[in-house]
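A.B. asks: These are the residues of each chain, in order.
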Amino acid sequence: MVEMTAEKNAYAEAFEIIEAQAGPSWLLPIRKAAMARFADLGIPTTRHEEWKFTNVAPIRKLDFALAEVGGHGVTPDRIAPFVCDGATGGTFVFVNGHFDKGLSKTGQLPAGITVGSVAEAVSANAGLLEQHLARHATNEQDAFLALNTALMRDGLFVHVPKGLVVEQPIQAVFVTTSESDPTMAFSRNLIVADESSQVTVVEVHVGLGTIPFLASSVTEIVVGDNATVDHYRVTREGELPDNGFFVGTTHAQQGRDCNMRSFVATTGGAIVRNDATAWLGGEGSDFTINGLTMIEGRQLADNHLCIDHAVPHCTSWEYFKGVYDDDARGVFSGRINVHKDAQKTDAKQTNMSLLLSDRALVDSKPQLEIFADDVKCTHGATIGQLDDEALFYLRSRGMMREAARSLLVFGFCRESLQEIRFTPLKKQLEALVFERLPHGNVFLED
Amino acid sequence: MMGLFDNANVKTTPGKVEKQRIEIEKTKMLEIRNLHASVEGHEILRGVDLTVNAGEVHSIMGPNGSGKSTLAQVLAGRDTYEVTEGEIIYNGKNLLEMEPDERAREGVFLAFQYPVEIPGVNTNYFLRAALNAKRKHHGQDELDAMDFLSLVKEKAKTVQLNEKLLSRAINEGFSGGEKKRNEIFQMAVLEPTLAILDETDSGLDIDALRIVSEGVNQLRSPDRAFVLVTHYQRLLNYIVPDFVHVLVRGQIAKSGGKELALELEERGYAWVEGESAVAS
Numbered sequence: 000m001v002e003m004t005a006e007k008n009a010y011a012e013a014f015e016i017i018e019a020q021a022g023p024s025w026l027l028p029i030r031k032a033a034m035a036r037f038a039d040l041g042i043p044t045t046r047h048e049e050w051k052f053t054n055v056a057p058i059r060k061l062d063f064a065l066a067e068v069g070g071h072g073v074t075p076d077r078i079a080p081f082v083c084d085g086a087t088g089g090t091f092v093f094v095n096g097h098f099d100k101g102l103s104k105t106g107q108l109p110a111g112i113t114v115g116s117v118a119e120a121v122s123a124n125a126g127l128l129e130q131h132l133a134r135h136a137t138n139e140q141d142a143f144l145a146l147n148t149a150l151m152r153d154g155l156f157v158h159v160p161k162g163l164v165v166e167q168p169i170q171a172v173f174v175t176t177s178e179s180d181p182t183m184a185f186s187r188n189l190i191v192a193d194e195s196s197q198v199t200v201v202e203v204h205v206g207l208g209t210i211p212f213l214a215s216s217v218t219e220i221v222v223g224d225n226a227t228v229d230h231y232r233v234t235r236e237g238e239l240p241d242n243g244f245f246v247g248t249t250h251a252q253q254g255r256d257c258n259m260r261s262f263v264a265t266t267g268g269a270i271v272r273n274d275a276t277a278w279l280g281g282e283g284s285d286f287t288i289n290g291l292t293m294i295e296g297r298q299l300a301d302n303h304l305c306i307d308h309a310v311p312h313c314t315s316w317e318y319f320k321g322v323y324d325d326d327a328r329g330v331f332s333g334r335i336n337v338h339k340d341a342q343k344t345d346a347k348q349t350n351m352s353l354l355l356s357d358r359a360l361v362d363s364k365p366q367l368e369i370f371a372d373d374v375k376c377t378h379g380a381t382i383g384q385l386d387d388e389a390l391f392y393l394r395s396r397g398m399m400r401e402a403a404r405s406l407l408v409f410g411f412c413r414e415s416l417q418e419i420r421f422t423p424l425k426k427q428l429e430a431l432v433f434e435r436l437p438h439g440n441v442f443l444e445d
Numbered sequence: 000m001m002g003l004f005d006n007a008n009v010k011t012t013p014g015k016v017e018k019q020r021i022e023i024e025k026t027k028m029l030e031i032r033n034l035h036a037s038v039e040g041h042e043i044l045r046g047v048d049l050t051v052n053a054g055e056v057h058s059i060m061g062p063n064g065s066g067k068s069t070l071a072q073v074l075a076g077r078d079t080y081e082v083t084e085g086e087i088i089y090n091g092k093n094l095l096e097m098e099p100d101e102r103a104r105e106g107v108f109l110a111f112q113y114p115v116e117i118p119g120v121n122t123n124y125f126l127r128a129a130l131n132a133k134r135k136h137h138g139q140d141e142l143d144a145m146d147f148l149s150l151v152k153e154k155a156k157t158v159q160l161n162e163k164l165l166s167r168a169i170n171e172g173f174s175g176g177e178k179k180r181n182e183i184f185q186m187a188v189l190e191p192t193l194a195i196l197d198e199t200d201s202g203l204d205i206d207a208l209r210i211v212s213e214g215v216n217q218l219r220s221p222d223r224a225f226v227l228v229t230h231y232q233r234l235l236n237y238i239v240p241d242f243v244h245v246l247v248r249g250q251i252a253k254s255g256g257k258e259l260a261l262e263l264e265e266r267g268y269a270w271v272e273g274e275s276a277v278a279s
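Going down the list, the sequences are from chains C and W. Numbering of the first sequence is given in numbering that gives the first Met the number 0, commencing with residue 0 and proceeding in unit increments. Numbering of the second sequence is given in numbering that gives the first Met the number 0, commencing with residue 0 and proceeding in unit increments.
With a straight-line cut-off of 35 Å between C-alpha atoms, the simulated DSBU-like cross-links for lysine-lysine are:
#1 C:426 <-> W:156
#2 C:364 <-> C:425
#3 C:375 <-> C:343
#4 C:51 <-> C:347
#5 W:253 <-> W:27
#6 C:426 <-> W:135
#7 C:375 <-> W:163
#8 W:163 <-> C:426
#9 C:31 <-> C:100
#10 W:135 <-> C:425
#11 W:178 <-> C:347
#12 C:347 <-> W:163
#13 C:425 <-> W:156
#14 C:425 <-> W:163
#15 W:178 <-> C:425
#16 W:152 <-> C:426
#17 W:178 <-> C:375
#18 C:364 <-> C:343
#19 W:27 <-> W:135
#20 C:426 <-> C:104
#21 C:425 <-> C:347
#22 C:343 <-> C:161
#23 W:92 <-> W:27
#24 W:178 <-> C:426
#25 C:425 <-> W:152
#26 W:178 <-> W:257
#27 C:343 <-> C:425
#28 W:135 <-> W:163
#29 C:339 <-> C:51
Here chain W is said to cover these stretches of chain C; the calculated rule only asks that three of the stretch's residues, wherever they fall, bring their Cβ under 8 Å from a Cβ of chain W:
#30 389 to 399
#31 402 to 410
Residues from chain W shown here face chain C by an in silico Cβ test under 10 Å; the list is partial:
#32 107
#33 109
#34 118
#35 120
#36 125
#37 130
#38 133
#39 169
#40 170
The set of hints was computed from the structure by calculation and includes no laboratory data. Just so we're clear, the structure is a prediction, and the values are computed from it rather than from any experiment. Ideal Cβ placement from N, Cα and C applies to all residues, glycine included.
Input sequences plus hints: build the corresponding full structure.
C.D. replies: Structure below.
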């Protein structure tokens, strides 16, 4: 057994608690292996290539403890600002990694779909869970992913059977509370969309309370042949701007001729690290991921993408934008691996950052690894300030400086938010952007 | 939503002396005196003098690099240019002391030589904000969405601009002609007192040129003035100016009536350049 250093003791203690709980026999070996891997890797330092620009020393220094079930003091009122109205498929609320039925709202869903908590599904849908849970997101170098696998408690489970098109968006809200001591929560979601099915899932991550917390969340999405999954991951500033450490992975395991459309929105948190990975394992499939980050103060947001084009004729599209004010820091890393046989791959990656202050900083790193010879792969990154020419143009028509600036930032963000197909979420995020801008609410009317 | 687009400065009633001055200069809309401007230490305007009265159309012509666009941009308040000497009086006020947006609310309009593309912001959206900022500044009621829309319909028609373009991002994916017509459309909506057109005619085919000219001609009125910056005489077949000025090396080398444009067309800029070189 690998020797644990002092800094990891809190996690080892947590693992003992999880280990002692009853669970399916197939899961325990997976947890154990993951814990061993985490012990081996440790919380990453900036010497680690994938963590070069994101210093998680604050996470390493804190002694997080697993939050207990219940007694969390979360009321519908407290989470209301973060919940998106319009999720007619239901809103599932998880507090500190546990499903909270009282805070959740059922929706109207077609017959055949299974939606609920992973903890329940482990026995009710044992076969599917054993087949998919922790089987797809398997990056062995990712310490936080290993930690999540070792300590995962609950999360959203969605299964859409063959041919079923679910029109009602399903929402999962993950709340981490920290009232007196630093807490940590581990949620794990599984979405399985069978052949020719379609579903929309919205994840909202937020923290309540005033003490630092660590919120780890991993979502595995299995996109069957000819299926379409729309997935949204929103990380919101909670009651405090900078006490939340969010680490998460969204992994798409894609079959043939399928579409995965993802949007990652980050509007707060001390450190938000989103890994998005996709395995394009069937010909003719598409992975589209758009993102908007808007942070300020001393917040940091890191979007790490890794797409594997394993077979021919797949397409991937990544378009990430960010607005950084004050001392905010942004990191973007986009890796595209085109495997040897993945001919006719068409991959495009764009990262645009807008710096609103002289102190804001962005590191953008595209990485293309291409082993096929007949592919189209492009990437582009821009980092800049508001365009003086555009600002002058608006002002030359009579708009005051502040209003013109706000309008330009809003336009920059809105262009990205246009990609959100779930309109209530788009409107909610637009409103959030407005609120952040000086005098922003005026534009809200239109 | 209070106070977004309104003017930062509270307007005060002009004092007696100031009032008198406004009276005297009522027809004298714009007076440029000995204007020097440079960019990054390089002097481009070297003593421009120009007076424009209400109701007049002035055409500023000249070879490339003579300072025509600089003059237009300085009038609109672009801060890339540093005014090192001289003054500009606009309707009795010191124009150089005003911010670009303040000038716009006071009635100055610049049609850009290269209209800017702005992603995510559509023309209608920002134009309504701009128009309302101006209306508020002049103590008028703000237009609501419905009123604004009917105004837009009417004005878009005058420049034959497809309304659908106006709900797209500003100038994004517009053709060259559409961009220029969008400038004239905005001018028609904002109804400026002093309109400066910076090479609006450049690169237009004859149909677009006619549309743009017609848009300008419709706006001609006794209390509005135009400064047309152009490189080509052709525009002046459609918009007949009262005065033509030739700018050479940052100074007005020659002024005359509309016939000066024809003479220039015949003899070329070299003719004036030569004369101006002899004079200096």
